[in-house]
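Let the sequences and hints guide you as you build the complete structure.
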Amino acid sequence: MNVITNNSINCTLALEALRDVIDPEIGLNVVDLGLIYQMDFDEENSKINTVFTLTTQFCPMGESITEAIKRALENAFPLMEVALELTFDPAWNQEMISEAGINFLNQ
Amino acid sequence: MFSGNNNLVKNTSHKVVLPFYLFAAFAFLAATILLFLSTGSLNQHYFNPKILAITHIMALGWGTMMILGASHQLVPVLIEGKLFSNILAHFSFVTAAIGIPLLAYGFYVFNMGWPAQWGAILINTAILSYLGNLTLSMIKRKKLNVHATFVLTAALWLFVTTLVGLLLVYNFSVPILPTNSLHYLSLHAHLGIIGWFLLLVIGVGSRLIPMFLISKYSNTKLLWVIYGLINAGLLSFIIFFLYVPQTSFYLISLATILFGIGSFGYYCLHSFKQRIRKKVDEIMKISLLSVIMMLLPVILLFIIIVWLLFNSVNPQLVLVYGFVVFFGWITAIILGMTFKTLPFIVWNKVYHLKAGLGKTPNPKDMFSSKIFGLMSIAYLAGFIMFMVGIYFANNLLLKSASLLLLLAALFYNWNVLKIFFHKS
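Quick mapping for you: the protein sequence lines, in order, are chains R and P. Take the first sequence: its position 27, counting from 1, is numbered 27 in our numbering, and each next residue is one higher. Take the second sequence: its position 102, counting from 1, is numbered 102 in our numbering, and each next residue is one higher.
To be clear, the hints were calculated from the coordinates, so they are not data collected in a lab. On a predicted model such as this, the values are computed, not experimentally measured, just so you know. Among the hints, a few may not be true.
Result set (EDC-like, lysine to aspartate or glutamate): computed pairs, CA atoms no more than 20 Å apart in a straight line [to be verified]:
hint, chain 1, residue 1, chain 2, residue 2
1, P, K221, P, D281
2, P, K359, R, D89
3, P, K143, P, E80
4, P, K349, R, D23
5, P, K354, R, E16
6, P, K216, R, D89
7, P, K370, P, D281
8, P, K82, R, E16
9, P, K359, R, E16
Here it is in structure tokens:
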């Protein structure tokens, strides 16, 4: 699933940082898992708005994953404020896993 | 394109869940030690103090405590809402943790006075508080899905089972039932095995197996059919037991339940076929094996009923049946699912504030896979040898097999404690 963004260079950097955030239940990073929907970079207000989801609304690891996403982005962009928006519309499904993700799961 | 800013539902605290896991692990060890010391009792009738004590440690201390712990953790996932009260959950643990050893002690020394009576009262209190907690969590959520319905119904059956158990314990001292307690043993046992364990395993398994396999398969309609079949089978058994005491009628109940189990097998098979994660890990293999193992007690029960049609009860077959249920099917599920749930609970506790700040270990690396492999080998070899040993009343086989099961429990406890004391 492609991530919607208004700044592809910053988005690439952000996604690279987010590849270190693993969903421990599945063992795959949140980017290849397809959990990141949208990343907008508001240069004027030094703010990153990230829309993301979880594999299930009541994921036992949800809190950890959310905090990990926030910290990874704050580390990668120390001068910017990180705002996260959790959405379940659309809900995550297996089709959102990237090809690299599927290959990883089958290793 | 994207809408809503949904808040996360808070997980049940690890402080609620972990004591149940620890208690269950020690209970498994205690049961295997007693089994090793009591192999001589297996040549006697199944209604004897040591076998009753071991069965109750396995059913309540091991199976039920582990499931109660896991279900407190899984309630938010299953009912899609928060657990109503952590205090009620702690209360359930404390009352059950005192009640189960008291009841087991009562059976072991065959003192049906205060140890067994107070044990049974405390266990009933624990189950009632669990049932209340579950019901209130669901009422608050106002949404009942098929998985939650399975769990709630299973908890209701568990309460009926422990209530009947309480009556049976008191029936030893005061004649409150029309006949002796031995007569009601199969009713009490099957309320627990079918109503509690089978319904709960199917309700939780049907949610977790596709989740862990990352499967695209979903079939809610089939799950409702399975729910109806299992409950209809159990209700018909209760009616036949109380009002139509003819053995051949039990085959109707058994066939209904078998059809339900077969349908669940079909559900699991399709989840497996439509999985995205093609490589299935060792833990999932044990869990899937336990689904197949569900059929073994049903086949044995069929043989027992057919045998009963022409002869009297075959005690050795009944013992094999009980062993297959508690040391086979239920133990295989728990051995697998512990390592699919416990590492995540502890990981969340230890790395909750460290996630995203650097590399954190994978939860599956928090226990030794080598020890897990040894545990699986010791368990499978011990299980098969013990089954054969009971049937042929071979003491040497029973002793060696129980030693292997004890080893499996030691390996299991080793890994559980390794996860428990994991530090970052």
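The hints, checked one at a time:
Simply put, K221(P) and D281(P) have alpha-carbon atoms about 29 Å apart, too far for the 20 Å limit, and the pair is violated. For the hint linking K359(P) to D89(R), the alpha-carbon distance of about 30 Å lies beyond 20 Å, and the restraint is violated. Simply put, K143(P) and E80(P) have alpha-carbon atoms about 8 Å apart, close enough for the 20 Å limit, and the pair holds. Taken as a hint, the K349(P) and D23(R) pair is honoured in the structure, with Cα atoms around 15 Å apart against an allowance of 20 Å.
Using a Cα cut-off of 20 Å, the hinted pair K354(P) and E16(R) holds, with the two alpha carbons roughly 19 Å apart. With a CA separation close to 18 Å, the supplied pair K216(P) and D89(R) stays within the 20 Å bound. With a C-alpha separation of about 13 Å, the suggested pair K370(P) and D281(P) falls inside the 20 Å cut-off, and the hint holds. Note on K82(P) and E16(R): the hinted pairing is violated, with a Cα-Cα distance of about 34 Å set against a maximum of 20 Å.
Restraint check for K359(P) and E16(R): satisfied, since their Cα atoms lie roughly 14 Å apart, inside the 20 Å limit.
Going down the numbered hints, you'll see the structure goes against 1, 2, 8, while the others check out.
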